[in-house]
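Read top to bottom, the protein sequences are chains Y and P. Going by the numbering used here, the final residue of the first sequence carries number 299, and the count climbs one at a time with no gaps. Going by the numbering used here, the final residue of the second sequence carries number 598, and the count climbs one at a time with no gaps.
Simulated from the structure, these hints should not be mistaken for laboratory data. Quick reminder that beta carbons are idealized off the backbone N, C-alpha and C, glycines included. Do not take every clue at face value.
[To be verified] Calculated cross-link-like contacts (lysine to any residue; reagent style SDA-like; alpha-carbon spacing at most 20 Å):
hint, chain 1, residue 1, chain 2, residue 2
1, Y, K36, P, S589
2, P, K335, Y, Q292
3, Y, K36, P, N590
4, P, K335, Y, S290
5, Y, K152, Y, R137
6, Y, K36, P, H596
7, P, K335, Y, N291
8, P, K335, Y, R4
9, Y, K217, Y, G268
10, Y, K36, P, L597
[What the hints assert, rightly or not] Example chain Y residues on the side facing chain P (calculated, C-beta under 7 Å, incomplete):
hint, residue
11, G146
12, V266
13, E295
[Said to hold, decoys possible] Quick list of simulated restraints, FRET-style, between CB atoms:
hint, chain 1, residue 1, chain 2, residue 2, range
14, Y, M219, P, R508, 49 to 57 Å
15, Y, R18, P, N533, 55 to 63 Å
16, Y, T240, P, K516, 33 to 41 Å
17, Y, D39, P, R508, 47 to 55 Å
Here is how the chains run, residue by residue.
There are 2 protein chains.
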Amino acid sequence: MTERQIVQCVPNISEGRRLDVVEAIVEQVRQTEGVKLLDYSSDHDHNRSVITYVGDLESVQEASFRLTQEAVRLINMEEHQGAHPRIGAVDVIPLIPIEGITMKECVEGATILAERITSELNVPTYLYGEAARQPARKNLSNIRKGNYEGLKESIQEEARIPDFGPAKMHETAGATVVGARMPLVAFNVNLGTDKKEIADTIARCVRERNGGFKNVKGMGVLLEERGQVQVSMNLENYMTTPIYRVLETIRREAARYGVPVVGTEVIGLVPQQALLDVANWYLQLEDFDSNQVLENHLR
Amino acid sequence: MTERQIVQCVPNISEGRRLDVVEAIVEQVRQTEGVKLLDYSSDHDHNRSVITYVGDLESVQEASFRLTQEAVRLINMEEHQGAHPRIGAVDVIPLIPIEGITMKECVEGATILAERITSELNVPTYLYGEAARQPARKNLSNIRKGNYEGLKESIQEEARIPDFGPAKMHETAGATVVGARMPLVAFNVNLGTDKKEIADTIARCVRERNGGFKNVKGMGVLLEERGQVQVSMNLENYMTTPIYRVLETIRREAARYGVPVVGTEVIGLVPQQALLDVANWYLQLEDFDSNQVLENHLR
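Only chain Y is shown next, with the shape it has when bound in the complex (with noise of 0.2 Å):
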């Protein structure tokens, strides 16, 4: 099989609503050679777009800059109102290691990105997930505390300083966090009841919240017009905590209210190897290899 590098990158921008605004940092991702654009989605009440592209680092690490580039001259935060959480014109860009490369590989990738949107388009930056220097800037949220308009208060605060650039917000785009993580599979488990506080109840059996697994959150969810009840999880390390772990144990859980697991749902991208260890597991396979897959022979 040809050795190739395959790096995710999922950039949250702060516009949904002028979509002529999305188009022109979309193109900049196009443009870029060695990344393929696979989807990209606004939502106007968020007033945010989610991008997805791939590539190998290098250029994922070029069509990021070029991104925030064309979002920092388009974007001010100064008139961004939106109901999801946000810091700056580029909100968050996470690398993701699918194929051919560590996460090790992808947490310094992210650091040199970070400096050099520091350095260049002089928006101080912060790091998070596995490339985060501190443990509280591990999680988003701690980044993300009190919003645009709270940071720029507290930004010169001990605790709030950034990884990379002055203690002071871009005039117009604020603040971007960079950082790696692991891809997530979104994984929902439908039951035969309509008593939602057993889905609450398993939901937290398996959240690490409470006690669950590692990497899993999760909540229960009413499907009404199906007059049943969804765990609904994200899953952050399919590789420590895999699908069919999470469901056998779920499934064990529900036995004990005599209630079924009557379906599944994946939403969105999964990496194939999660699927293939969810067939492996099932099947016993005593010695598989992915490169058994015959497509894999084919890029």
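Starting from the structure of chain Y, add chain P where the hints point.
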């Protein structure tokens, strides 16, 4: 996702000892644009080589023709000895639909290829598998009956007249079988017992020949070093007879003897979809699309 077409082709040639000859023949595939050589291997006792490549239909047809042309030039069946059944220098050329192509298109492609081999190389050809024009020719072994030597004697008998070309073997290259079939999944299930009769019994439960699943071949095997037995199978249509259904049937049958499934094996290459179907079934996914696999956007 970019629409692309993948046909797999796995010709078997009647040369497994003169490796320079094998190289020269394989080189024809390497030199054909639009085709990717995945693997080739030679067996000395069988005096036979198997070559695997993929590409769009037209490129695969071209590579297969050039390979045949070179094999006809370099292999003399009058001098060929080997344990494996065979009727010609290029014994069989199966076209296998993998992605973006129907079985019907592969059948048409195989037919055109067979016609070309006959008209340009003067080698009579038979159509087999899904491309067969006579029911008996669906099965390769019916066409190969008597081998090169036997077919040479009987080729003018009505049942043995080639689909294309004169009822006369090529003087040195014999005849060639061309056809289309589904990808084959070689799947073994290892059982926690050393009683081979249990593997034999279960093989009979699941294989088509004894009333089991259609397109499943299988037999019991003793794994002496492990002190275990195995149900060794070929699943010849993973779409209509999926891996998980065969495994779960074996698991149930083995439980009747108090025997557990201790592991399984997939041998060689397998289409991605065959494993996605496994993940999909065990996860009880409600609405999954293979376009959700991140890597499927990268080709």
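Hint by hint, here is what the structure shows:
no., hint, verdict
1, Y:K36 - P:S589, "holds (18 Å)"
2, P:K335 - Y:Q292, "holds (16 Å)"
3, Y:K36 - P:N590, "holds (15 Å)"
4, P:K335 - Y:S290, "holds (18 Å)"
5, Y:K152 - Y:R137, "holds (17 Å)"
6, Y:K36 - P:H596, "holds (9 Å)"
7, P:K335 - Y:N291, "holds (15 Å)"
8, P:K335 - Y:R4, "holds (17 Å)"
9, Y:K217 - Y:G268, "holds (17 Å)"
10, Y:K36 - P:L597, "holds (8 Å)"
11, G146, "violated (34 Å)"
12, V266, "holds (6 Å)"
13, E295, "holds (5 Å)"
14, Y:M219 - P:R508: 49 to 57 Å, "holds (52 Å)"
15, Y:R18 - P:N533: 55 to 63 Å, "holds (58 Å)"
16, Y:T240 - P:K516: 33 to 41 Å, "holds (39 Å)"
17, Y:D39 - P:R508: 47 to 55 Å, "holds (48 Å)"
Hint violations for this structure: number 11 only, all remaining hints satisfied.
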